[in-house]
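Participant: As you go down the protein sequences, you meet chains A and B in turn.
First residue of the first sequence? That's 1 in this note's numbering, and the numbers climb one at a time after it.
First residue of the second sequence? That's 1 in this note's numbering, and the numbers climb one at a time after it.
Worth double-checking, as some hints may not be accurate.
As the list claims (entries may be wrong) - Residues from chain B that face chain A, not an exhaustive set, calculated with beta carbons under 8 Å:
| id | residue |
| --- | --- |
| 1 | V2 |
| 2 | T3 |
| 3 | A34 |
| 4 | A141 |
| 5 | G155 |
| 6 | L159 |
| 7 | P250 |
| 8 | A252 |
| 9 | K360 |
| 10 | K408 |
| 11 | L500 |
Stated by the list, open to error - Each computed BS3-like pair below joins lysine-lysine, with the alpha-carbon atoms no more than 25 Å apart:
| id | chain 1 | residue 1 | chain 2 | residue 2 |
| --- | --- | --- | --- | --- |
| 12 | A | K92 | B | K502 |
| 13 | A | K502 | B | K442 |
| 14 | A | K408 | B | K174 |
| 15 | A | K449 | B | K442 |
| 16 | A | K38 | A | K449 |
| 17 | A | K227 | B | K174 |
Source of the hints: derived by calculation from the structure; they are not laboratory data.
Note that CB positions come from ideal geometry on N, CA and C, so glycine has one too.
Number of protein chains: 2
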Amino acid sequence: MVTWNNLDTLDAFQNLTKADRVDLAEVMSGENGAERVKNYSIPMAAGLTYNYAAKQVDEKVLAALAKLAEEAQLTEKFQALYNGEVINTGEKRLVLHHMTRGQLGDAVCADGVDKRTFYVEQQTKIAEFANKVHAGEITNAAGEKFTTVVQIGIGGSDLGPRAMYLALENWAKKNNVFRMEARFISNVDPDDAAAVLNSIDVAHSIFVLVSKSGTTLETLTNESFVKDALKNAGLDPSRHMIAVTSETSPLAKSDDYLAAFFMDDYIGGRFSSTSAVGGAVLSLAFGPEVFAQFLEGAAKEDQLSKEEDVLKNPEMLDALIGVYERNVLGYPATTVLPYSQALSRFPAHLQQLDMESNGKSVNRFGDPVDYPTGPVIFGEPGTNGQHSFYQLLHQGTDIVPLQFVGFKNSQIGTDVVIQDSTSQQKLCANVVAQIVAFACGKTDENLNKNFEGGRPSSIIIGDQLTPQALGALLAHFENKIMFQGFVWNINSFDQEGVQLGKVLAKRVLAHDTDGALKAYSDLMNI
Amino acid sequence: MVTWNNLDTLDAFQNLTKADRVDLAEVMSGENGAERVKNYSIPMAAGLTYNYAAKQVDEKVLAALAKLAEEAQLTEKFQALYNGEVINTGEKRLVLHHMTRGQLGDAVCADGVDKRTFYVEQQTKIAEFANKVHAGEITNAAGEKFTTVVQIGIGGSDLGPRAMYLALENWAKKNNVFRMEARFISNVDPDDAAAVLNSIDVAHSIFVLVSKSGTTLETLTNESFVKDALKNAGLDPSRHMIAVTSETSPLAKSDDYLAAFFMDDYIGGRFSSTSAVGGAVLSLAFGPEVFAQFLEGAAKEDQLSKEEDVLKNPEMLDALIGVYERNVLGYPATTVLPYSQALSRFPAHLQQLDMESNGKSVNRFGDPVDYPTGPVIFGEPGTNGQHSFYQLLHQGTDIVPLQFVGFKNSQIGTDVVIQDSTSQQKLCANVVAQIVAFACGKTDENLNKNFEGGRPSSIIIGDQLTPQALGALLAHFENKIMFQGFVWNINSFDQEGVQLGKVLAKRVLAHDTDGALKAYSDLMNI
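Looking at chain A on its own, in the form it has when it is part of the complex:
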């Protein structure tokens, strides 16, 4: 029987707060540090490894975290989720994004169908469609092949698919599976759509309109923008557009689209990269096989998340350490630092995934919680960040836990030797150096050059950023965030915090304003 309790009511949490603090600089020095690096490591899917040697934990803290996992019933709650319980209590919905990539437990029937079958069907339909586009069987009205795919979506329909596309673009080119360039239109700022449209060949572009509800104002506005451009070019918009939506949305059966592919209410936008939302654009850009490999990596990582032993479950342990850092050590932010230019927008996607899921002040029953929940998440690729905001991370007055990601090999493989090392070796050397610099610091009599150390980090290491590795990486963070939501006893799957702004924006546009709202509207000439 699963019971849902606030974190501060759990004995295991009280116990955790009493565990002696680990002096990270001390435990990471000398041979003890080397031992930690060897031992504090968990294999992940697709050849990845989660290493937490430089986190502020030791055997006692880890034991306390394991007890917390047990008392908070993390495994049981994940089981409940993938077996089809209503985990999204706010919206009274199942949470089934894992099922887009595999079957973790019981068959789940909803809306009168087996949901795994439904998601596989959508993936298959997308694959068939993409193959026909690539084969020139589906073309523009002039019978010419499409060369560019443009996703129109915002939030979950934009950031995830965009980050995944950028992550695999160079890999696909190198491995000769690159099919079409992808572009993205998201912002309601008219300059976003205009700039993308000015830079592409619309006659050879296929547009993917993505909106679960079919009512997202930014997305419908940008669709109209695109349709105008197509018409102005003498083209028939319905020959250039497909839709990804829910079966109940107004877009589902419209003649305005070449085809429609479906997701449903059980997949939150930010968790939709492995559904048709990511599937259409990624299958068109790289071919359905690459998208299938991406799902395979995610599915394998999901399997690891089922593991009850926290020391064998990278997602659960990462989640618990994050809770320890947030609720016991009191650190207010976390930074994500991929040493991979291909992951340039991955931190922005994680920022959405994490902050939209766990930035909540009430528990799943709607009662206020008395402890901090989701932290601020931010990040940029290394080594770039080293020449930028790392100054604060090393010597600022607040401690910001770090999440590194690094790969032994580049994607393209072109490299150059300068001062006896390749660029890739320099990249790897830098991430290693940073972990140790943050953890151990370095004493200097000139305090301006002194590094206190004690700044905790973990790293996920892979051989290369492949579709499988990317899937595993994404699933890692999705599941970590899910487990943290369980620990905090919040509903990670709704987003009521986005509603008030929408309501007020409508009032401004309807000139139904007074007070400050009217005064600001006047300032902006609306």
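Fit chain B to the supplied structure of chain A, relying on the hints for placement.
Facilitator: Quick look at chain B alone, frame taken from chain A:
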């Protein structure tokens, strides 16, 4: 006489901590809110306005902030800076980036020359060079015009110029002053350089190598990468490269470059967008006149920063309110939210500018400070962020102060009417709605749908994002950060926190490692 004291030793700060807290939701409601919006506003340069109505301040707090400005001698310290005192005490250097765009006070002589004359000379040389490139007088070896400019740099030599380029790219195209596409290579990840090189026509590209010291390892490595590509294409690298560096660097007199333009040690990398570092790439991309307009906007804003009355000085007031939020109200992060897709990388540049400048734990004399200094800075463009991390900003357990930027008009001007409003109107309506939603909230019996409000924000409003407006916007944040450094009594102009990582990375590459450093190196196969 300027005296440098820690914040917590100032009577005005102790006084500030005692000021009654402002109930933002209350003061922003009704007609009082409208009055605040009208009154709490300061004109900026280039038609911009800084509005702080939705900040947690009232007449008493503002009076206390004014006293703090006085006791901390903010105006006098800025005067000392632009009149040429050694403000960067750590590196014993003058701080002269303002002088790249104007003369704020006394003539400053250093290295045997008048520095304003020196910076103007560099700007003039760049303008002449750019004009010759555009006129086809400087060409590739085949006598063909260059069509693309590629900046090779990292940190301050990358983020600022890149953000400024993206900010003006569409404006320049619309106003027929777009001269060349610009691209940027920064990361030592070999896939960064390889991907850029694979996507451009190297035979018609001119590369700008930017390194003040001429020794930045990432940048020299990427230079070598580029030279290989040029040679492989049968081209002479010295016909395709210019350098931006200091006169004393190894690059300054090298035959490897078509030309060299100079900055100096008095301009920190993150403050170098208005120097030759931004000047070369922006003048080549948009023409020297556009770069001059950008400098003009910055110069005008600098003049406003000289104003002693904090209520007429947008930079000083923004800085003081930030200190109040950080050191009295205890907020650990700040988010920057431009409602302009053109400013997509502006938050990343501000993240560098702020966190690298003020992420310090010791004062300017090298003694530890007992109060928080620079906060974590992050942000993404609106409306995109609304569908992402705004959930936490509205309903999370921490309060994150917000800095909005918005423009009444788009850059390109193409637009579409949907549901009776243009995209630009929707964009403006959204930023207005968000300010009020954050400040006032909305009570709901279902606490999951409740918005507490009380989340402070300011907004900078402009007519359009022009070169002048961009210059003013940049100078606003540069000077805000400078004033905050003065208040915190830290040196905002060095970055010793980046050194340890460099030293350890060299050790890793030399295989001079033990303990954790060796163990991690083994994991990464170095």
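Participant: Look at each hint and say if it fits the structure.
Facilitator: So, going through the hints one by one against the coordinates:
1. Taking 8 Å as the C-beta cut-off, the interface hint given for B:V2 is violated, the closest approach to chain A being about 20 Å.
2. Restraint check, B:T3 versus chain A: the minimum CB separation of about 20 Å is more than 8 Å; hint violated.
3. Because the closest C-beta pair between B:A34 and chain A is about 4 Å apart, less than 8 Å, the hint holds.
4. With a least beta-carbon distance of about 23 Å to chain A, the hint placing B:A141 at the interface is violated under the 8 Å criterion.
5. Contact between B:G155 and chain A, as hinted, is supported at the beta carbon level, the nearest pair being about 3 Å apart and thus within 8 Å.
6. A least Cβ separation of about 6 Å between B:L159 and chain A falls short of the 8 Å threshold, and the interface hint therefore holds.
7. Given hint, B:P250 at the interface with chain A, is violated; its Cβ is 14 Å from that chain's nearest Cβ, farther than 8 Å.
8. With 8 Å as the threshold, the beta carbon of B:A252 stays out of range of chain A, its nearest partner Cβ sitting at about 20 Å, so the hint is violated.
9. The interface hint given for B:K360 is met, as the beta carbon of that residue sits about 6 Å from the closest beta carbon of chain A, less than 8 Å.
10. Satisfaction of the interface hint for B:K408 is found here, the shortest Cβ-Cβ separation to chain A being roughly 5 Å, below the 8 Å cut-off.
11. Taking 8 Å as the C-beta cut-off, the interface hint given for B:L500 holds, the closest approach to chain A being about 4 Å.
12. Among the hinted pairs, A:K92 with B:K502 is inconsistent with the structure: their alpha-carbon atoms are about 52 Å apart, more than 25 Å.
13. Between the alpha carbons of A:K502 and B:K442 the distance comes to roughly 13 Å, so the proposed pair stays at or under 25 Å and holds.
14. Between A:K408 and B:K174 the CA atoms are separated by roughly 44 Å; this puts the pair beyond 25 Å, and the hint is violated.
15. As the CA atoms of A:K449 and B:K442 are separated by approximately 48 Å, the hinted pair breaks the 25 Å bound.
16. The hinted pair formed by A:K38 and A:K449 fails the criterion: a straight-line CA distance of about 30 Å is larger than 25 Å.
17. Restraint check for A:K227 and B:K174: satisfied, since their Cα atoms lie roughly 21 Å apart, inside the 25 Å limit.
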